[in-house]
Amino acid sequence: MTAAARASWARFRGGHFFGRHQSFSVVVGMAIVTAILPFIVLAPPFSGFGTQTDFVDGFSQAGVWVLLAIGLNVVVGLAGLLDLGYAAFFAIGAYTYAYGASPYSGNHVAFWVMLLVGAAVAAMAGLLLGAPTLRLRGDYLAIVTLGFGEIVPVVFTNSDQYTNGTNGITALYQPSLINLSLPIPNLSGILPNLGLFQGSYGFGNPWPYYISVAAIISVVMILAYRLQDSRLGRAWMAIREDELAAASMGINTVTTKLLAFAIGASTSGLAGVYLSSKLSIVSPTQFGFTVSFTVLAMVVLGGMGNIWGVAAGAFVVYEIQSQGLKQLNVFVGQYFPNGLPIFGHVDFLTYQYLLYGLALVGMMLLRPEGLFPSRRRRQELHDVEDADAANVELVEA
Amino acid sequence: MNIPFGPRSAAGPTGVTTADATAALPSGVSSGTTPLLKLTEVVASYGAIQALRGVSLEVRHGEIVTMLGSNGAGKSTTLRTISGLMHPRSGRIELDGHDITEVPAHKLVRQGIGHAPEGRHIFNRLTVLENLQMGAYSRRDRSAVNADFDRVFGLFPRLRERRDQSAGTLSGGEQQMLAIGRALMARPKLLLLDEPSMGLSPVLVEQIFSIIRDINSQGTTILLVEQNAQMALQVASRGYILQTGQIVLADSAEALAGNEEVKKAYLGT
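Those protein sequences? They're chains A and B, same order as listed.
Going by the numbering used here, the letters in the first sequence line up with residues 1 to 397, in that order.
Going by the numbering used here, the letters in the second sequence line up with residues 1 to 269, in that order.
In short, the hints are calculated from the structure, not lab data.
Because the structure is a prediction, the values reported are computed rather than measured.
Glycine included, each C-beta is placed from N, C-alpha and C at the ideal position.
Be aware that one or more of the hints could be misleading.
[Unchecked claim] If you only want the chain A side, here are some residues facing chain B, beta carbon under 10 Å, derived:
id	residue
1	Asp242
2	Ala247
3	Ser248
4	Ile251
5	Leu258
6	Glu319
7	Pro337
8	Asn338
[What the hints assert, rightly or not] In silico lysine to aspartate or glutamate, EDC-like type, Cα no more than 20 Å apart, as pairs:
id	chain 1	residue 1	chain 2	residue 2
9	B	Lys107	A	Glu243
10	B	Lys38	B	Glu58
11	A	Lys326	A	Asp347
12	B	Lys107	A	Glu150
13	B	Lys107	B	Asp141
[Stated by the list, open to error] According to the in silico footprint, chain A covers these stretches of chain B (three or more CB under 8 Å from chain A):
id	region
14	48 to 59
15	66 to 77
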């Protein structure tokens, strides 16, 4: 038994977290990204696109999608279960917050508590959906989750005595640090006035949201890395690779898949709580199939299985959607004031999904493993070439 | 390679080396009253299609027992019902006297049933070492697991050479070795082997069967399903002939090898 094999086994057993402990690099990485992003947008060409506040607001919105992508990555990327109804859990988290903190329900539970409650409720929903359906495989599971994703918003629309129907629930309380009743020092004289230290989350001030979502993402990422490297993570990998073999290794495939589903759902619920607190409104139309589809596209484009990869993929896709297409309009307008040749005047924003589709097809042709693939994924997609190479060697030898 | 591959609890016979293990029939066959595995009238079906119509068989501690039969006779189905990958419609399966008929697969691994399924089912994209680690998924005795890596690599030196190579790039024979090695990593009392010789060259078949003997002589009981009846009857002490979901013949391996019917149907002589 070589030392390397021993170390590898220790990692497999999940005992030696510190060997490749990701928490530190996640915290540092997120801190750097969070600190740099607001300053990048002060430089051209971004400075021409909008104010710093606009950008920071956009970034804190992008954080929702990053969370969703990290969560869906657990289900699709790690456990290999295709979930097309992921938006349902997002909706459940959002409505949970609406019940916990709005004049409509009459409750006002602190945002930070509701984050956990929303995640827990969504996880429960994940278990409820998963228990009867996870015996299905591949395409069948995808169809059932697709149905679930469609049903949940419809239920929220139609049960209007509880959810206010299509109008949704409005005037949700925004988070506040004062609610935590922490002794928050008044640092406004020392630090730039971000509003964070007065606990003033609000529509005009995206900074507290920005910093909060960065913190939430960091925590979720650390948990995701821990899970990936744990015994459970290994079990997910085995199931993704070969479910029958996984069962004969002593892995309880049903509970293992259920856990993937519930953990993915809880992250989605978390994102739902955060989003609804930020927008201060929930309505069923926010959680349609396009949300599920967009998150899946983010995971695929980012690089399924790679946690940093899917986070980056989500951020990039969101920014292209919200900023890139708008700027493309402006750009084309400048150079082709009379419209594009053949196409005439094109509003790229309305072609968002067409462009999506093209981007996905292009990616699948050129770089099927995504922008930032995990080591294993890359191996997976290039195995054939490796095997061919190995055979050539054998023939030559 | 001196430490035996005994079941987790009991210590097996010691000191058997690769060279002298190929000589004789397994030595440790006990004459105890409780068989390690006992199937009674097991009926199993895939939907409406009945695959097993009342299979009864026994495997005693330390034996190699083979199950022969043509395609579709129900050999693999029998193994799948034993390892819990599917459950019988009726009948009873006992392991060491305990009823395991309804016990799910993942629990049976802990109770000592190892299954190297038909078609190998190795994890193609994991390395050889990671595959073996998956095999030990159910175990928590870290130091013993470390020792077992050495034992598996001792049985299959090829796997040691290819330790960090992804399993999908192995040759067919190496993949079969990996499937067997991976099943051994759980330290089974009873190892179910499903067509280990399938698709292998004659030289590799010889090699695999000699390793099967080694594994058995180190204390692991084996139930072997084979199409290659000749080889199977050479290593086994007893055999069952399965036809359309029923046991039609049960006898010692020598008797089966000499049986005219068996010769005609399965040995091609």
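Structure-based check of all given hints:
1. Asp242: It holds, given that the least Cβ distance between Asp242(A) and chain B is near 5 Å, below 10 Å.
2. Ala247: Holds, about 4 Å.
3. Ser248: holds (5 Å)
4. Ile251: Status holds, d = 6 Å.
5. Leu258: violated (14 Å)
6. Glu319: violated (32 Å)
7. Pro337: violated (53 Å)
8. Asn338: At about 53 Å, which exceeds the 10 Å cut-off, the nearest Cβ of chain B leaves the hint on Asn338(A) violated.
9. Lys107(B) with Glu243(A): holds (16 Å)
10. Lys38(B) with Glu58(B): holds (5 Å)
11. Lys326(A) with Asp347(A): Since the Cα atoms of Lys326(A) and Asp347(A) sit roughly 9 Å apart, the hinted pair holds (cutoff 20 Å).
12. Lys107(B) with Glu150(A): violated (37 Å)
13. Lys107(B) with Asp141(B): holds (17 Å)
14. 48 to 59: Since three or more residues must qualify, the claim that chain A covers the region 48 to 59 of chain B is violated, with 0 doing so at under 8 Å.
15. 66 to 77: violated (count 0)
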